[in-house]
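Kindly produce the complete structure, drawing on both the sequences and the hints.
2 protein chains.
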Amino acid sequence: MTRLNKTHDPARTSWVTSANKADTDFPIQNLPYGVFSISDGPRRIGVAIGDRILDLTALEEAGKLTPGGAEKVFADGVLNPLMALAQDVWSSTRAAIADLLDADTGDRSLPLVAQAEATLHLPIFVRSFTDFYASREHATNVGTMFRDPDNALMPNWLHIPIGYNGRASTVVASGTPIHRPNGQLKRPDDAAPRFAPCQKLDIELELGAIVGTGNVMGRPVTAAQAYDNIFGYVLLNDWSARDIQVWEYQPLGPFQSKAFASTISPWVVTREALEPFRTPAPDRIKPLLPYLQEDTPNNFDIHMEVSLAPEGKSATTICKTNYKHMYYSSAVQLVHHASSGCAMETGDILGSGTISGPTKDSFGSMLELSWNGRDPIEVDGGTRTFLEDRDTITITGWCEGAYRIGFGNCEGRILPAVDFGG
Amino acid sequence: MTRLNKTHDPARTSWVTSANKADTDFPIQNLPYGVFSISDGPRRIGVAIGDRILDLTALEEAGKLTPGGAEKVFADGVLNPLMALAQDVWSSTRAAIADLLDADTGDRSLPLVAQAEATLHLPIFVRSFTDFYASREHATNVGTMFRDPDNALMPNWLHIPIGYNGRASTVVASGTPIHRPNGQLKRPDDAAPRFAPCQKLDIELELGAIVGTGNVMGRPVTAAQAYDNIFGYVLLNDWSARDIQVWEYQPLGPFQSKAFASTISPWVVTREALEPFRTPAPDRIKPLLPYLQEDTPNNFDIHMEVSLAPEGKSATTICKTNYKHMYYSSAVQLVHHASSGCAMETGDILGSGTISGPTKDSFGSMLELSWNGRDPIEVDGGTRTFLEDRDTITITGWCEGAYRIGFGNCEGRILPAVDFGG
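So the sequence lines, in the order shown, correspond to chains P and S. Under our numbering, think of the first position of the first sequence as 1, with each following residue one higher. Under our numbering, think of the first position of the second sequence as 423, with each following residue one higher.
Hints are computed from structural coordinates only; laboratory data are not their basis. Check the hints yourself; a few may be wrong.
[As the list claims (entries may be wrong)] The calculated lysine-lysine pairs, modelled on PhoX-like cross-linking and capped at a C-alpha distance of 25 Å, are: (1) K6/P - K64/P; (2) K494/S - K443/S; (3) K428/S - K443/S; (4) K494/S - K72/P; (5) K360/P - K313/P; (6) K186/P - K708/S; (7) K428/S - K486/S; (8) K286/P - K324/P; (9) K428/S - K286/P.
Next up, the structure:
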């Protein structure tokens, strides 16, 4: 069951001609939101269209766009005021923007900016960041490596969307350099831990679901509501320090091993833009409890890739996978998250968990790709087990059908660790 | 090494005579900040003095108080704008308020409100909530019950201030009723989990440190800086669903078992008010790594008590303990939290972890007091192992010396679980 409307019409084209190319991430059927600035000017809200950005802040100031009749929705340099509006307003705003950009009905005088001239910023104020663990293949791989190959999945995994609270303060926009973190490291044979730069710096390829509509504390959310409460999606790299993690995580879970940075792509692709690409979750190995059962297909068919470029070298694709493999959809994750009475809020990010597929080239972390260092990964000019300083990681993702819905790039480059003695 | 000044002078009295009583929580040496309203009016910033509140919002509007020369510090109904100022401004503002309330130098025309007529609100916007696990006695008790009595402390515990990210959206003010959470429960012999109201609803007696001054992502904080970055402290009850926790927490830590509510006391006692009560941390069983070593005594001698009142019955004190027992101070917790490069922000709360002392009557959770249900706790009209519906829990805390620095009450009453089917 998908809910298609005129904004999904594949025959539609834009007067912004770069949006009509077959390989663009941003045709008129996409219309993702972002935050940009030009030459150190103030932050403005925009929609990506082809290789341009439509300046919604200017449109609002000119009275040409008033989402749901609200004022100053695009005035604060962050998407939260739009996300806090009701989902019918998200839908009518999307339809209005599509009409303005339509090749037949559009307004060719609208303010456009070249993406190449804009700086893209963190698009949302991240209220809270929750990270899940929803790929059965990833959880099985990790359990096989670190626990028991014969009982790789924890007993709870097939019943609960396992997740933990992450750190909102260090979610950053694509392009932000990432310092290699320091932390406590202890190998099994070491007598005591030492404080040193991480030696097993890793990526986690994820999709981030951004909550638009929250719930009141104490009031749960159903699966049908949850799907509609999600405003949109971004690519997410949950940088991870495996050696810090293995020493710190018992018994309360990952902490500083994940706290130093998480990178998201700059364009928020709306849930509505993904409607044509809905797919059902994989078959259930054990039945889920009724509160977690979905009546609709809440996964999406999103192809995702990771590339690694050493300094001065070419990028090598090290992973190709698809979000559709995830055992728990973001809607089901949201239901579980609110089931205790937890209040979900506008601007919350729900990380999907590392997206690993069934084949070795589809694993979403270097931990899995190199099997914890056993199998080096070939890259331009050498090999990798984990990240080295000045490596650049780029995640891309897109849906492919009658048109392509792309997410843009989610990129980060590793800088050396900061000297803590200073 | 304590840093005392005129605001700590025990000889000082106030023209607000209720502040001069020996048993008041709020003498002129305390001056905790809170947020209040009168008869559904707007939220205002106040300072508790005796049984009154000094209305700082009114003082600012009248031009009688201008922290550091900044404008509209007390205009937003939340303490974050004050906390975001530098610590020398916190100190000069405290000194100015003390002068205004002084029996000799004060201004008796200032706007006072009776605490009995005011509604107290959540005093801060909670940016992020981190919960630690810093009582050796608590960690030992839990490890003894659930893991191995002979190796109750995890190997990392004596080296790392173990903590995890909690949920900021459900930190609530004292007096907010708490619904018993629903969640997945599975006893060891059950074939599958069920979704039902928590049967082991518990408290965790904690102290919450509130971060005033943050750090830039990637830039660590030293122990000396960390102490000064903390604006103040509140009492904290980290409500916990033990049966949800035991089924969900492997391998990523507590999630919905802690997400439904955490209650804090309404008055933020400033770090400066606690200066006379500084104490050193307990002796180190193993030396800490250099980055975690403190040159100053960063614990505090704070007596704390928990009472339980069944509906219509008297309150019984079920725990008496002291914050001074904590193995890791909040300053050291903050150092560790930022050591990976994690950005700490104004409004972050660092929960101390459950404060359990060495004796059975000093344990800070019902899990420990009842030894996971084995030893029922006597209360008025019956016994308890965990909380029943309509029980009220009240935490109090105070420092006692030449005067008393009190925190007020941190209270919550349990309501029945919400019917999820609705």
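How the hints compare with the structure:
1. For the proposed pair K6/P and K64/P, the alpha carbon gap of about 20 Å is at most 25 Å, so the pair holds.
2. For the hint pairing K494/S with K443/S, the CA-to-CA distance comes to about 33 Å; that exceeds 25 Å, so the pair is violated.
3. Distance hint between K428/S and K443/S is fulfilled; the C-alpha atoms sit about 20 Å from each other, no more than 25 Å.
4. Restraint check for K494/S and K72/P: satisfied, since their Cα atoms lie roughly 22 Å apart, inside the 25 Å limit.
5. Of the supplied pair hints, the one linking K360/P and K313/P holds, its CA atoms being roughly 24 Å apart against a limit of 25 Å.
6. For the hint pairing K186/P with K708/S, the CA-to-CA distance comes to about 15 Å; that is within 25 Å, so the pair holds.
7. This hinted pair checks out: K428/S and K486/S have alpha carbons roughly 20 Å apart, not beyond 25 Å.
8. For the hint linking K286/P to K324/P, the alpha-carbon distance of about 19 Å falls within 25 Å, and the restraint holds.
9. Only pairs whose Cα atoms come within 25 Å are accepted, and K428/S paired with K286/P is rejected, the gap being roughly 67 Å.
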